[in-house]
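Chains as they are written, first to last, in our numbering: chain L, 1 to 224; chain A, 1 to 293.
These are calculated hints, taken from the structure and not from any lab test.
These numbers were taken from a predicted model, which means no experiment stands behind them.
Take the hints with a grain of salt, since some may be wrong.
Stretch-level coverage of chain A by chain L, calculated; a stretch enters the list once three of its residues show a Cβ under 8 Å from a Cβ in chain L [claimed, not checked]:
hint: 1; segment: 172 to 181
hint: 2; segment: 188 to 197
Looking from chain L toward chain A, a few residues come up when the C-beta cut is under 10 Å (computed) [said to hold, decoys possible]:
hint: 3; residue: Ile81
hint: 4; residue: Ala88
hint: 5; residue: Pro91
hint: 6; residue: Arg92
hint: 7; residue: Arg104
hint: 8; residue: Phe127
hint: 9; residue: Arg146
Idealized CB from N, CA, C, for every residue including glycine.
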Amino acid sequence: MLEARDITLSFGRHRVLDGVSLSLRPGEVLGLAGPSGCGKSTLARVLALLLRPSSGTVSVDGTVVKGWRHRAPQRTAIGLIFQQPRLAVDPRFTLLDVIAEPLRAARRPLDRAHELAEELGLTPELFGRRPHEVSDGQLQRACVARALVLEPRYLICDEMTTMLDASTQAHLVGRIEAYRERTGAGVLAVSHDAELLHRWSDGNVRDWNPAPAPARNADPAPAS
Amino acid sequence: MTLERSSRRPRRAGVRRAGVRRPGRHRLALVTVVVLVLAVVLVPLLARLDQQLVDLRSAGLPPSLAHPFGTDEVGRDVLLRSIYGLRVSLLVGLAAAVVSVVVGGLVGLAAGAAGGPLDRLLMRVVDGFNALPHLLFGVFIVALFAPSATAVVVSVAVTHWTTAARIVRSEVLSLRGRPFVDAAVSGGSGRLRIVVRHFLPNLAPHLLLATVLMIPHAIWHETALSFLGLGMPPHLASLGNMINDGQRSLLVGDWWSSLFPGLLILVPTLAVSSLAQHVRDRANPRWRSELNL
Numbered sequence: 001m002l003e004a005r006d007i008t009l010s011f012g013r014h015r016v017l018d019g020v021s022l023s024l025r026p027g028e029v030l031g032l033a034g035p036s037g038c039g040k041s042t043l044a045r046v047l048a049l050l051l052r053p054s055s056g057t058v059s060v061d062g063t064v065v066k067g068w069r070h071r072a073p074q075r076t077a078i079g080l081i082f083q084q085p086r087l088a089v090d091p092r093f094t095l096l097d098v099i100a101e102p103l104r105a106a107r108r109p110l111d112r113a114h115e116l117a118e119e120l121g122l123t124p125e126l127f128g129r130r131p132h133e134v135s136d137g138q139l140q141r142a143c144v145a146r147a148l149v150l151e152p153r154y155l156i157c158d159e160m161t162t163m164l165d166a167s168t169q170a171h172l173v174g175r176i177e178a179y180r181e182r183t184g185a186g187v188l189a190v191s192h193d194a195e196l197l198h199r200w201s202d203g204n205v206r207d208w209n210p211a212p213a214p215a216r217n218a219d220p221a222p223a224s
Numbered sequence: 001m002t003l004e005r006s007s008r009r010p011r012r013a014g015v016r017r018a019g020v021r022r023p024g025r026h027r028l029a030l031v032t033v034v035v036l037v038l039a040v041v042l043v044p045l046l047a048r049l050d051q052q053l054v055d056l057r058s059a060g061l062p063p064s065l066a067h068p069f070g071t072d073e074v075g076r077d078v079l080l081r082s083i084y085g086l087r088v089s090l091l092v093g094l095a096a097a098v099v100s101v102v103v104g105g106l107v108g109l110a111a112g113a114a115g116g117p118l119d120r121l122l123m124r125v126v127d128g129f130n131a132l133p134h135l136l137f138g139v140f141i142v143a144l145f146a147p148s149a150t151a152v153v154v155s156v157a158v159t160h161w162t163t164a165a166r167i168v169r170s171e172v173l174s175l176r177g178r179p180f181v182d183a184a185v186s187g188g189s190g191r192l193r194i195v196v197r198h199f200l201p202n203l204a205p206h207l208l209l210a211t212v213l214m215i216p217h218a219i220w221h222e223t224a225l226s227f228l229g230l231g232m233p234p235h236l237a238s239l240g241n242m243i244n245d246g247q248r249s250l251l252v253g254d255w256w257s258s259l260f261p262g263l264l265i266l267v268p269t270l271a272v273s274s275l276a277q278h279v280r281d282r283a284n285p286r287w288r289s290e291l292n293l
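In isolation and in its complexed conformation, chain L is listed as follows (with noise of 0.2 Å):
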């Protein structure tokens, strides 16, 4: 289980997060509904290991994280896929670097690369094009291929299908789905997007509305 308990965050004087607790089971899908700028990708990032609380623990499978970032082995055992699929990717990298680079840092073979691209809807003439070569749905085909190349045991989809057509969300939302039941993986879905979340999560939506006091009774509740 990924669980996030009594989480405090604070980016200077501005409190983001305040005693937030959020557990994923795996298997589960879990949605994350709030309006936008109420801390929901903060808590996305902090789940991901890549910030720090000021307070509060993240525990993955019953460890108890002590580094965070570069700190934390458990880092890869979660997958985030971001919300701007332009900024998430080294402007340098092809398609193909974009998704192998966790494979490269692994030091295990690129050829799962080239499969996950192409079960993605991603055709090989696309992959040694640059980001600025390709549409948004296409790179975040790219981006989600990256965030499944290692088999995390929990993805985390921060506001994934923003920005992209119906199409393009209902084909990435379904092959999440098809990897989280082959591999019976944690999805933490966030978006703002209510409707969507109920479909996808078949209604296992928690609704983070911080008003009338933002970011001081944001408490999802852990899920159940």
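Place chain A on chain L using the hints.
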């Protein structure tokens, strides 16, 4: 309704409006640099002339077909000595620029990538160096050595590495916060891998530009130090030494002894700056694809 494809190439006005393309300007700069580099490489190899040869019968001759840049106060050919001088100045300028950018780049990379106390410490060292008047500090450094090219290179590098350090640090800080670096961390990349695969390739255009822009600046410093009698050994033809020697001739109206070496500082400076602008445009993959439209 039918759609017809025009056989004419699409207009590139949009790219021009964006200020990316300046047709022909970089080609002129490139030709200038190539001609000057060929001159400084080939002339000493091919010309059977001694640039140190003193011929008092030819002293102070104005520009003519026999001596296009004239002769100096002891009859040495100014064109030949200018080419030798440019060779020395270019080599010293290039070496000083490379050393200062490498040193500054490493310091900036360490400060930006590590952050925290190391960043603060290194930036205070940079502030300390920047607080010194750099020409006087450079003079102080060359005064510690005998006049030589090494002394000039060390002097320029020690007084100019901070520029590259600041550029690299600020760029690394910007890169560190980008989502693609977060994605690399999340995918299991270590610090070294991120530095090699993400930071250095994205820094390369800035480092290249800093190096290229530093070359003319280093040449100015070499010239200034030689002019003050502290740079290159006095017998060696460098542009600074020649201008220094020529100032005496100016008093008797021999303007060519200083003017032509001075122009040989100005022309490569303008050409290299123009090339640097072009290199920066080409180094950005997105701009590069627009330039190729």
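Structure-based check of each hint:
Requiring three or more residues with a Cβ within less than 8 Å of a Cβ of chain L, the coverage given for the segment 172 to 181 of chain A holds, as 3 such residues are present. Given as covered by chain L, the segment 188 to 197 of chain A passes the check, having 6 residues with a CB less than 8 Å from a CB of that chain where 3 are the minimum. A least Cβ separation of about 9 Å between L:Ile81 and chain A falls short of the 10 Å threshold, and the interface hint therefore holds. For L:Ala88, the suggested interface contact is upheld, since its CB lies about 4 Å from the closest CB of chain A, less than 10 Å.
A least Cβ separation of about 6 Å between L:Pro91 and chain A falls short of the 10 Å threshold, and the interface hint therefore holds. Taken as an interface hint, L:Arg92 checks out: its beta carbon lies about 5 Å from the nearest beta carbon of chain A, inside 10 Å. Against a cut-off of 10 Å between C-beta atoms, the interface hint on L:Arg104 holds, since the closest Cβ of chain A lies about 8 Å away. For L:Phe127, the suggested interface contact is broken, since its CB lies about 16 Å from the closest CB of chain A, more than 10 Å.
Look at L:Arg146: its Cβ gets to within about 7 Å of chain A, closer than 10 Å, so that hint holds up.
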